[in-house]
Amino acid sequence: VQLEQSGGGLVQPGGSLRLSCAASGFAVSENFLTWVRQAPGKGLEWVSVIYPDGKTYYADSMEGRFTISRDNSKNTFYLQMNSLRVEDTAVYFCARGLSNYIYWGQGTLVTVSS
Amino acid sequence: EIVLTQSPGTLSLSPGERATLSCRASQSVNSVYLAWYQQKPDQPPRLLIYGASSRATGIPDRFSASGSGTDFTLTISRLEPEDFAVYYCQQYGGSPPGGTFGQGTKLEIK
Chain V
1 VQLEQSGGGL
11 VQPGGSLRLS
21 CAASGFAVSE
31 NFLTWVRQAP
41 GKGLEWVSVI
51 YPDGKTYYAD
61 SMEGRFTISR
71 DNSKNTFYLQ
81 MNSLRVEDTA
91 VYFCARGLSN
101 YIYWGQGTLV
111 TVSS
Chain P
115 EIVLTQSPGT
125 LSLSPGERAT
135 LSCRASQSVN
145 SVYLAWYQQK
155 PDQPPRLLIY
165 GASSRATGIP
175 DRFSASGSGT
185 DFTLTISRLE
195 PEDFAVYYCQ
205 QYGGSPPGGT
215 FGQGTKLEIK
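Protein chains in written order, with the working numbering: chain V, 1 to 114; chain P, 115 to 224.
Calculated from the structure, these hints are not laboratory results.
Model, not experiment: these values are computed from the prediction.
Worth double-checking, as some hints may not be accurate.
Claimed, not checked - Quick list of simulated restraints, FRET-style, between CB atoms:
no.: 1; chain 1: V; residue 1: S83; chain 2: P; residue 2: E115; range: 34 to 44 Å
no.: 2; chain 1: V; residue 1: S73; chain 2: P; residue 2: P195; range: 43 to 53 Å
no.: 3; chain 1: V; residue 1: S69; chain 2: P; residue 2: R192; range: 40 to 50 Å
no.: 4; chain 1: P; residue 1: E222; chain 2: V; residue 2: T111; range: 38 to 48 Å
no.: 5; chain 1: V; residue 1: S83; chain 2: P; residue 2: R132; range: 33 to 43 Å
no.: 6; chain 1: P; residue 1: Q217; chain 2: V; residue 2: R18; range: 40 to 50 Å
no.: 7; chain 1: P; residue 1: E196; chain 2: V; residue 2: S69; range: 33 to 43 Å
Stated by the list, open to error - Below, computed lysine to any residue pairings styled on SDA-like, alpha-carbon distance capped at 25 Å:
no.: 8; chain 1: P; residue 1: K154; chain 2: V; residue 2: K55
no.: 9; chain 1: V; residue 1: K42; chain 2: V; residue 2: Y78
no.: 10; chain 1: V; residue 1: K55; chain 2: P; residue 2: G208
What the hints assert, rightly or not - Footprint (simulated), chain V over chain P, 3 or more residues, beta carbon under 8 Å:
no.: 11; segment: 123-134
no.: 12; segment: 185-191
no.: 13; segment: 198-212
We treat Cβ as the ideally placed atom computed from N, Cα and C, and that holds for glycine.
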């Protein structure tokens, strides 16, 4: 099982960015898929999850701005981030599971700054 | 939302010593839904404990955990050099589905 992240980078406040998490060794369509973030020097913060049945959930501060999705044909899931704020600056991790995350991506840094 | 408070914020110990880390919840947590993670710099977290007391695959038996209700504890019986890291507790199973993390305890070499 591997999770390979891409995307991320520097974006201005109000801008958009899409993170990708390519899975191998398991089918994204059959698993809970999660995003967790970590602001510089800070702790972990749960961001979003997509269920195998397609239901999606978000942390309150991301609701309406972030969208989690998946592409079963590419075995990849995504985090579309819109209306980005300075406080969204963080390393974003993808993970397999609803909880008890054994498998993680390597993390990708998103910097929101003018 | 359940708030998890970890203590101490920083714990300074020497290799070979025993470490006791605390995680206190603002309301009762089903122990089935309490996990502990270890994180080293520039790495994703590593699952240590799930279900409040079950070691994840490959985790040495010097790591143990217990607790119920609002008070949970992670114990490292004899610290090895590789154990110095930041430790997080997580509760889940309610709303939001991914739950919440504690703010972390940094275990540093004395």
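Against the structure, the hints:
As the Cβ distance of S83(V) to E115(P) is approximately 22 Å, the hint placing it in 34 to 44 Å is violated. The hint said 43 to 53 Å for the Cβ distance between S73(V) and P195(P), and at roughly 45 Å that hint holds. S69(V) and R192(P) have their C-beta atoms about 46 Å apart, which keeps the hinted 40 to 50 Å range intact. E222(P) and T111(V) have their C-beta atoms about 28 Å apart, which leaves the hinted 38 to 48 Å range violated.
Look at S83(V) against R132(P): about 48 Å separates their beta carbons, and that is not inside 33 to 43 Å. Checked against the hint of 40 to 50 Å, the C-beta distance between Q217(P) and R18(V) comes to roughly 29 Å, which is inconsistent with it. Checked against the hint of 33 to 43 Å, the pair E196(P) and S69(V) passes, with Cβ atoms roughly 38 Å apart. As the CA atoms of K154(P) and K55(V) are separated by approximately 32 Å, the hinted pair breaks the 25 Å bound.
At roughly 23 Å between alpha-carbon atoms, K42(V) and Y78(V) fall within 25 Å of each other, so this suggested pair holds. Between K55(V) and G208(P) the CA atoms are separated by roughly 15 Å; this keeps the pair inside 25 Å, and the hint holds. Closer than 8 Å: that is the beta-carbon criterion, and the segment 123-134 of chain P has 0 residues meeting it against chain V, so the requirement of 3 is violated. For a cut-off of 8 Å, the count of residues in the segment 185-191 of chain P with a CB near a CB of chain V stands at 0, and the three-residue condition is violated.
For the segment 198-212 of chain P, the proposed coverage by chain V is satisfied: 7 residues have a C-beta within less than 8 Å of a C-beta in that chain, meeting the threshold of three.
Figure legend: structure checked against the earlier numbered hints; hints not met, in rising order: 1, 4, 5, 6, 8, 11, 12.
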